[in-house]
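K.L.:
Heads up: the protein sequence lines correspond to chains A and B, in order.
The letter at position 567 of the first sequence is residue 555 when you use our numbering, and the numbering goes up by one with no holes.
Counting from 1 along the second sequence, just add 693 to a position and that's the residue number in our numbering.
By construction, these hints were calculated from the structure, which means they are not laboratory data.
Please note that a few of the clues may not be correct.
Straight-line Cα separation of at most 25 angstroms, BS3-like style, residue types lysine-lysine; simulated pairs [claimed, not checked]:
hint: 1; chain 1: A; residue 1: Lys275; chain 2: B; residue 2: Lys785
hint: 2; chain 1: A; residue 1: Lys270; chain 2: B; residue 2: Lys785
hint: 3; chain 1: B; residue 1: Lys785; chain 2: B; residue 2: Lys775
hint: 4; chain 1: B; residue 1: Lys859; chain 2: A; residue 2: Lys234
hint: 5; chain 1: B; residue 1: Lys814; chain 2: B; residue 2: Lys773
hint: 6; chain 1: A; residue 1: Lys275; chain 2: B; residue 2: Lys775
hint: 7; chain 1: B; residue 1: Lys954; chain 2: A; residue 2: Lys118
hint: 8; chain 1: A; residue 1: Lys208; chain 2: A; residue 2: Lys336
hint: 9; chain 1: B; residue 1: Lys826; chain 2: A; residue 2: Lys334
hint: 10; chain 1: A; residue 1: Lys458; chain 2: B; residue 2: Lys785
hint: 11; chain 1: B; residue 1: Lys937; chain 2: B; residue 2: Lys917
hint: 12; chain 1: B; residue 1: Lys785; chain 2: B; residue 2: Lys773
hint: 13; chain 1: B; residue 1: Lys805; chain 2: B; residue 2: Lys773
hint: 14; chain 1: B; residue 1: Lys826; chain 2: A; residue 2: Lys337
hint: 15; chain 1: B; residue 1: Lys773; chain 2: B; residue 2: Lys937
hint: 16; chain 1: A; residue 1: Lys118; chain 2: B; residue 2: Lys805
hint: 17; chain 1: B; residue 1: Lys738; chain 2: B; residue 2: Lys815
hint: 18; chain 1: A; residue 1: Lys112; chain 2: B; residue 2: Lys937
Nothing here was measured: the structure is a model prediction, and the numbers come from that model.
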Amino acid sequence: MDSSDLPRRPELRNLIIRNRKRTILGFDPQQIIKYFFGANASTAVIVLVLIMIFLVREGVDFLPTNRHELQTYRQAGLEFCDLVDRPLREHQTLSSSLRQCVSAALEPIVKDARERRNAAFLLKTQAEEKAARQREALENALEREPPPAEDQLAALRKDLQTAAAAASQALIYPSLFTAEETALFKAQLAALSPELTDLPPFIQALSAEFMTQDRAAREKYADLVTAQEEFDEAPDDLHELVDELKEQALGAKQSVEESHALAVNRQQLLEAAETTADPDEKASLIKEAEASVGEEVDLTALTKELTARTGELQTQIAAYVESAEKAAASLPDDVGTPDAAALLQKAKKGLPAHVQDMREAATALESWRVDKPVSMLRVIGAFFFGTEWITNSSWQDFFGFVPLLTGSVVIALIAVFIATPISVIAAIYTNQFATDREKELIKPVIEFIQAIPSVVLGFIGISLVGDLIKEFSEVSWLQWIPGFPIQERLNMFNAGCLLAFMAVPTMFSLSEDALNNVPRGYIDASDALGATKLQTVFRVIVPAGISGILSAVLLGLGRVIGETMVVLLVAGNRIAIPDFSAGPGVVFQPAHTLTGIIAQELGEVSRGSSHWQALFMVGIVLFTISLLVNWCARAVARRFESQKA
Amino acid sequence: MKHTILALTLVIASTATALAQSTLRIRGSDTLGAKLVPALAEAFKKQAGKVSFDIAAEGSSTAFTNLAAGTAEIGMSSRKIKADERTLCRSKSITVNEIEIAWDMITVVAHKNNPVSDLTKKQVMQIFAGDIKDWSEIGGAPGPISVYTRNTSSGTYKDFMGMAMKGREYGSNSQKMAGNEQIVAEVSSNTNGIGYVGYAYAGSKGIKVVSIDGSAPNPAAVKKYVLARPTFLYTSGEPTGTIKEFIDFCRSPAGDAIIAKAGFVSLSQMK
């Protein structure tokens, strides 16, 4: 190296340093870059804060709005009617059990006749379907004005006959019919024509047979049948009275709402008039606003009319309870089949509680006060512990989010339950056992799952997974699984499976990272002690990475609970708390979710209504849950970090 | 200079064609918007040309929110406008104009192999309100009933409540589906399913119509059927221009034929 080059170096450095010292608008460029990067990072934080503010701003008014609604619900006397109406609904459940009990008791006697009749009807429909084209042609010709020539009709009749004969041959006749019956019925089906108004004689005979059997069965269980009918009719008078009162209360509520709506209307029209530029439009808007004045509604007088009938209601309740108990007492003990006996027991067991509820309702009527204010605590309770989500109702909207929460939680648990073992085991394999080529294949493939749009998965759920699960559940040797055979294609299990699929990439990648982060020294130490590969994996690596894996599972849960499209399409949208008495089979029931309800209902509600605000409240809860889950994941991961250090 | 003039003419010409090619945005009822209105729009386009349609059907309520927001020229609704919706539009300086377009019959459907083919009006109410829970209670093969209803934004949801259920609530066992197609899909795959659809869907595969008190929906005797109802188009103000042409077309004999083909009953058929 030439020594004469040396003095040049400081020159170059000076040049660089001088350049860096240039300022832009009085700021040091390095500072500007720093701020630019900082601003990008803080955007995320600011947006998050803005989202929170927006959610809270729209949602928080829910409590006062709903309080006002519940106040009206009370003042108009709807609550008064519900005091009786709600316990009275239990009657329908009991009555339903009894009706099922009756048909279960009759079942062994009428079953054959009914199945034969139904099978015959089904065959007739199928035969008609198969010859539908020819049938329709003849029907149209017969209806035409003026009627077509006789030879044309004859040709059409002949076509139909051939088609019907072919159809009747092609049908599969069940073994319910003897060979002779099949032959007879086949001939009658072949003769089906729109010109015959009577049913085929064979079906008529089967129907008559069924009627006879049914009558005989009903005679045999006459006690049960009459007791059931008596029980069914027991609340008729009470119903009539309650319906009358309900109508009155609803009328009161509607007039309050109308007067409120007119006031709001006036306000809106006036506001619109302020902003409009066109003087004609302005004048017409103001005129309309002035016309929009409601009458003051005197609720106290209206509700007084209701409460004046408390005595009448109590007498009716007592009469109902008496006749229901009498009907129940006359129920026989012997109802034949075990199914019927079980249903009878169910009804009998449910009755005392129902009677108790009715009696309580009768006393509650007296202590009900129209002017009792609705406390804020009750409004909060009605939202967070309410078991009914009823919207767009003609009686009263209720926003209780427990059914939605249970749906979301159960689906998320199913998804995590399925996804955790798959992704953790896959992560262990990829991290510890896989060759480099396998790694190159497995990692991108699993990560690619994340790129599948959730609406596509939803369609797969509707068109493929649902049918698969349903068919699978009908396989005879799998009937020991609780909940099988399933009835609904769209259910929580279906949604859970698809969500598990969506959660796998998150859980897999993060678990794999966690395993990767296990210090090399642990593994070397284990190897040095002579442990086998498997021992190292399960006794050293997995325990060392467990908090990382846990945090991966939690983040997967966060992903699952916020997912919308799949649950909206696949979960079955039934707004009710799943029936947990079904045991593990509960997973095959449909449900609705927090995310699904927002997606389904937000588009239709008018801005600022209580329904709109309730949906934002759901949004707030959902947001809080996601934050909590993520926070937990971070807390767990932090523990893992400190352990490592 | 020559080039400038040429360019200017081109620009003007293209704006002119863009103006002539008007778009009608139609929003609202799924019952109308899934089959009938697209069919009418298609036929109208063939006849009148130079018009394009943008149709989205997510329930009757969305007709009015879109009209009020000015994001639709025509709203489709399977029920009459509610007072508060009229006010909402009015406060945005929009006067809605109602045009009856066709009648629909809400049809109760069950799985095609279900032996039950007739129900009384009371039984229909009890089934959808959740009082009757098992098919064996009404003479069917034993099995829990799966009830499929439309979702709450649907005009049919509310209409059915009023016409068939005396205003009672749907039972908590009911499942809320996004549209008629979904109800057909679920009922046809579930032997214990029951649901309701617009008459246009009554002939779908795998389902059968359940008559009510012995009367099945029949275009020839609409008013005798308990669940018949008119359907409407709504415009903001008196329709003019292409909108008027389209609505006139819907009410013309050519429109009537399409209405009948789509499974609705045209107004001329009602007389």
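K.L.:
Sort out whether Lys336 (chain A) lies within 25 angstroms of Lys208 (chain A), counting only the CA atoms.
P.N.:
holds, 21 angstroms
K.L.:
Has the given pair, Lys270 (chain A) with Lys785 (chain B), been kept, meaning a C-alpha gap of at most 25 angstroms?
P.N.:
holds, 12 angstroms
K.L.:
Regarding the pair Lys859 (chain B) and Lys234 (chain A), is the alpha-carbon distance no greater than 25 angstroms?
P.N.:
With a Cα-Cα distance of about 12 angstroms, the restraint between Lys859 (chain B) and Lys234 (chain A) holds, given a limit of 25 angstroms.
K.L.:
Would the pair Lys937 (chain B) and Lys917 (chain B) pass a check requiring their Cα atoms to be no farther apart than 25 angstroms?
P.N.:
violated, 32 angstroms
K.L.:
Are the Cα atoms of Lys118 (chain A) and Lys805 (chain B) separated by 25 angstroms or less?
P.N.:
Given pair Lys118 (chain A), Lys805 (chain B) holds - Cα atoms ~14 angstroms apart, limit 25 angstroms.
K.L.:
With a cut-off of 25 angstroms on the C-alpha distance, tell me whether Lys826 (chain B) and Lys337 (chain A) pass.
P.N.:
Measuring from Cα to Cα gives roughly 18 angstroms; hence the hint holds.
K.L.:
Could you grab the alpha-carbon distance between Lys785 (chain B) and Lys775 (chain B) and see if it respects the 25 angstroms cut-off?
P.N.:
holds, 16 angstroms
K.L.:
For Lys112 (chain A) and Lys937 (chain B), compute the direct alpha-carbon distance and say whether it is at most 25 angstroms.
P.N.:
violated, 49 angstroms
K.L.:
Taken at face value, is the distance from the CA of Lys773 (chain B) to the CA of Lys805 (chain B) at most 25 angstroms?
P.N.:
Violated. Lys805 (chain B) to Lys773 (chain B) sits at ~33 angstroms, over the 25 angstroms cutoff.
K.L.:
What's the verdict on Lys954 (chain B) and Lys118 (chain A), does the C-alpha distance respect the 25 angstroms limit or exceed it?
P.N.:
holds, 22 angstroms
K.L.:
Is the hinted pair Lys785 (chain B) and Lys773 (chain B) satisfied, with a Cα-Cα distance of at most 25 angstroms?
P.N.:
This hinted pair holds, its Cα atoms lying about 19 angstroms apart.
K.L.:
Take the C-alpha atoms of Lys275 (chain A) and Lys785 (chain B), compute the straight-line distance between them, and say whether it is at most 25 angstroms.
P.N.:
Holds: Lys275 (chain A) and Lys785 (chain B) sit about 16 angstroms apart, inside 25 angstroms.
In the structure shown, a violation is registered for the earlier hints numbered 10, 11, 13, 17, 18, in ascending order.
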